[in-house]
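Build out the structure end to end from the sequences listed, making use of the hints.
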Amino acid sequence: MSDDDIPPMEAYRYADGSITYPGHPIGPDGGEPVETVDLSEHTAEIITWTSNTAPPPGVRQPNHLAIVEFDVEGQPVRAIGQLTTDDVEIGDEVRPVYADELREPGAGIREPESQDWDGYRFEPV
Amino acid sequence: MERVAIIGASMTQFGQRDAWIRELLAEAGQAVLEDAGVSSDAIDHLYVSNMASGEFEGQTGVPNALAHDLAAMPAYTARIDQTSSSGGAGVYAAWQSVASGASEMTMLVGGEKMTHRSTAEATDVIASLTHPVEYKHGVTLPSFAGLTARLYLEKYDAPRESLGKVAVKNHRNGVDNPHAQFRKEVDLETVLDSPTVADPLRLYDFCPITDGSAALLLCPESVAREYTDDYVVVSGIGGATDTHVVHERADPTTMRGVVESSEIAYEMADRDPDDVDVAELHDMFTILEFLQSEDLGFFEKGEGWKAVEEGVTDRDGDLPINTSGGLKSKGHPLGASGVAQVYEIYEQLTDDAGPRQVDADVGLACNVGGFGNCVTTTIVERP
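Residue numbers (my numbering), protein chains in the order written: chain R, 233 to 357; chain A, 215 to 597.
Hints listed in this document are in silico derivations from the structure and should not be mistaken for laboratory results.
Keep in mind that a hint or two might mislead.
Listed next, with one range per pair, are the computed distances between beta-carbon atoms [what the hints assert, rightly or not]:
| # | chain 1 | residue 1 | chain 2 | residue 2 | range |
| --- | --- | --- | --- | --- | --- |
| 1 | A | D371 | R | I258 | 36 to 42 Å |
| 2 | R | T275 | A | D484 | 47 to 53 Å |
| 3 | A | D532 | R | G255 | 45 to 51 Å |
Quick look at which bits of chain R chain A covers, simulated, 3 or more residues with Cβ under 8 Å [stated by the list, open to error]:
| # | stretch |
| --- | --- |
| 4 | 252-258 |
| 5 | 272-282 |
| 6 | 285-291 |
| 7 | 294-303 |
| 8 | 308-315 |
| 9 | 335-342 |
Glycine residues also receive a C-beta, built at the ideal position from the N, C-alpha and C atoms.
The following block contains the structure:
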């Protein structure tokens, strides 16, 4: 897959300037989104993290996860995702790295066709 | 508006049961009718709190099945699914049916059959409540607990041992609950040395996977007096939701659904947190007992762990929390848990809690779905 084929880490911006990941049809300001923002172009700070040793079917073991916060031109926006390593601490800076399959589709209860299975892991900068 | 009374309560043995969902629901339903001396033909409304009988067992339509098994036709029936807070949402629906005048006798039965599934499968059924951006990363409810616990310990400078003491306390309480899945004390060293599940949380920070059911009978207070003097009243109840996507919350250590639902319940009951004598909280994970005890207003934000350290929430403390053993020791059959919380408060307020009995006139139950996504807070009092 060339860089041009990699999908964005798409967040929505609303009229009041707030940004959410994922996007919602109606945002925190009560209005519809006005544009999308690609978070993969930004770095983020780890708010908290864990390493789950008892993951559900189709998920790597252990599964390192983090809640991170991006700063998009002064606007904070949070995301959750897998970490590439558990050698991290709260406050560390990470960048999104694309993975074409985060979890085996169909191994769990969720209908494989109902959602995407690719996305972004977070890697320490 | 006439006050809504609870005139009967029951719960089955929680744990690994041979019975399937229909049998579990009928067991608690039959027991609550016997407890209250009410005939099934008196039931106007029948609610079943259940998260996932279709996913776990391939059995849907459980309220209709229960109505038939108890000969409660032609009662109005409905299934209440609000994930782990299905029980609390069922209490709300049952209360509403009586408070509105639509029903003069409402039965609520909460139940779940889970243990025939592996831990990984059951965890995945529960995690199916998550948003696709969470689910594709393998995010589970235990991983939310690990994420939140790490942040809480760092933010409030709380020792890891304080979480372990929640497990120790609730296991100690569960020893005296004949219906509990685990009736065995654990020491702090055992908790802290148990296998890591979601760092920094370990096996004993988590509730088990459980089969079981619990039931309540609700009616107007005037009808209650026709049956018994031994009843309690629902003086306040509130329900609220927080974000579906957990990471979108401004402060991951605050459960806004607990704050909002309890404010509604306190106002309705004309009570404040200091009036509560005993509480059942949703300790699916040890960290949740800290968050709820703070967000209900019992303790300042970031101070809940100190209350556990100081024994304030012990059975003989100023505010006993989870005298039943909580979800941690009693078990967590999803749809049953919120109903079983109110069962424990009913037992306490009717002086029927045996060795678990505490001195209480006002009790509170807080039932949480998802990771604080949906919450019902119920205040129950002696009449």
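Structure-based check of all given hints:
1. Checking the proposed 36 to 42 Å range against D371 (chain A) and I258 (chain R) shows it holds: the Cβ atoms sit about 39 Å from each other.
2. Separation of T275 (chain R) from D484 (chain A) is about 51 Å and conforms to the stated range, judged on CB atoms against 47 to 53 Å.
3. Separation of D532 (chain A) from G255 (chain R) is about 47 Å and conforms to the stated range, judged on CB atoms against 45 to 51 Å.
4. Coverage of the stretch 252-258 of chain R by chain A holds in this model, with 3 residues showing a Cβ closer than 8 Å to a Cβ of that chain against a need of three.
5. Using a Cβ-Cβ cut-off of 8 Å, 4 residues of the stretch 272-282 of chain R lie near chain A, which meets the minimum of three, so the contact claim holds.
6. Beta-carbon proximity to chain A at under 8 Å applies to 7 residues in the stretch 285-291 of chain R; the threshold of 3 is reached and the given coverage holds.
7. For the stretch 294-303 of chain R, the proposed coverage by chain A is satisfied: 4 residues have a C-beta within less than 8 Å of a C-beta in that chain, meeting the threshold of three.
8. Counting residues of the stretch 308-315 of chain R whose beta carbon lies closer than 8 Å to any beta carbon of chain A gives 5, which reaches the threshold of three, so the coverage claim holds.
9. Residues of the stretch 335-342 of chain R with a Cβ under 8 Å from some Cβ of chain A number 4, which satisfies the need for three, so the listed coverage holds.
The structure is consistent with each of the numbered hints, conforming to all of them.
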